[in-house]
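From first to last, the protein sequence lines stand for chains A and B.
If you're matching positions, the first sequence starts at 1 in the working numbering and goes up one per residue.
If you're matching positions, the second sequence starts at 1 in the working numbering and goes up one per residue.
No wet-lab data here; the hints were simulated from the structure.
Don't take every hint at face value.
Straight-line C-alpha distance at most 20 Å; calculated SDA-like pairs for lysine to any residue [stated by the list, open to error]:
(1) A:Lys11 with A:Thr76
(2) B:Lys68 with A:Phe96
(3) B:Lys49 with A:Thr76
Sample of chain B residues facing chain A (criterion: CB under 8 Å; computed from the structure) [as the list claims (entries may be wrong)]:
(4) Leu44
(5) Lys49
(6) Phe63
(7) Gly104
Ideal Cβ positions, reconstructed from N, Cα and C, are used throughout, including at glycine.
In case you want the letters, here they are:
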Amino acid sequence: EAGVAQSPRYKIIEKRQSVAFWCNPISGHATLYWYQQILGQGPKLLIQFQNNGVVDDSQLPKDRFSAERLKGVDSTLKIQPAKLEDSAVYLCASSFTATGSGNTIYFGEGSWLTVV
Amino acid sequence: AQSVTQLGSHVSVSEGALVLLRCNYSSSVPPYLFWYVQYPNQGLQLLLKYTTGATLVKGINGFEAEFKKSETSFHLTKPSAHMSDAAEYFCAVTVYNNNDMRFGAGTRLTVKP
Chain A
1 EAGVAQSPRY
11 KIIEKRQSVA
21 FWCNPISGHA
31 TLYWYQQILG
41 QGPKLLIQFQ
51 NNGVVDDSQL
61 PKDRFSAERL
71 KGVDSTLKIQ
81 PAKLEDSAVY
91 LCASSFTATG
101 SGNTIYFGEG
111 SWLTVV
Chain B
1 AQSVTQLGSH
11 VSVSEGALVL
21 LRCNYSSSVP
31 PYLFWYVQYP
41 NQGLQLLLKY
51 TTGATLVKGI
61 NGFEAEFKKS
71 ETSFHLTKPS
81 AHMSDAAEYF
91 CAVTVYNNND
101 MRFGAGTRLT
111 VKP
């Protein structure tokens with residue numbers, strides 16, 4: 001079974017530039033998550049989709065971050081304009097359904113962003 | 001909201017020694033608890049999870065954890081450490097009908113030869 005796919009794996013941009021990350025979840029998984037993991041910290045949820053609808057985006061900095069999952073499968077996360085503090089690993093994850101039922105979340109390998 | 005605290009940001013053991021990574025949770029309702037492992041430059045991989053039922057949970061790679069409600073703990077153990085166990089370990093918690101899985105800050109395990 002193919003895992004969660006993410007690209008690009010690594011990206012270096014200058015502050016105020018924009019960047020986009022792509023994610024393809026495990027086939028059949030209705031729930032998709034984007035997490036931000038800053039060095040030395042645990043992952044923090046940015047946004048959660050159930051099919052193509054947003055379930056929780058309370059921790060997404062909406063002035064610069066946006067995400068979409070138009071057809072209920074692939075998703076993109078965009079940052080514009082980037083700040084130095086956005087340097088982190090962006091982890092995409094998916095689960096068969098919402099974590100509220102104790103379902104396992106499966107993570108991709110992450111997209112490493114460095115803002116200089 | 002639910003949360004977890006991992007005691008010790010760095011644990012070092014000798015190869016063959018007992019591994020004990022500590023996690024305490026806070027939740028006003030019954031929690032679901034998880035341990036994930038992260039190897040360098042990789043994503044998180046599930047080691048084990050507790051939802052309901054048996055409080056001693058066995059996972060992959062010889063790891064196990066015990067849910068202790070009275071102590072609000074979910075410590076991860078392995079009887080004998082292997083060099084390949086060196087990684088970052090994260091404890092996480094969620095509850096029924098709450099979408100936000102909360103992670104601890106992580107514990108880096110070093111295994112000495």
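Check each numbered hint against the structure and report the violated ones by number, ascending. Hints 2, 3, 6 not satisfied by this model.
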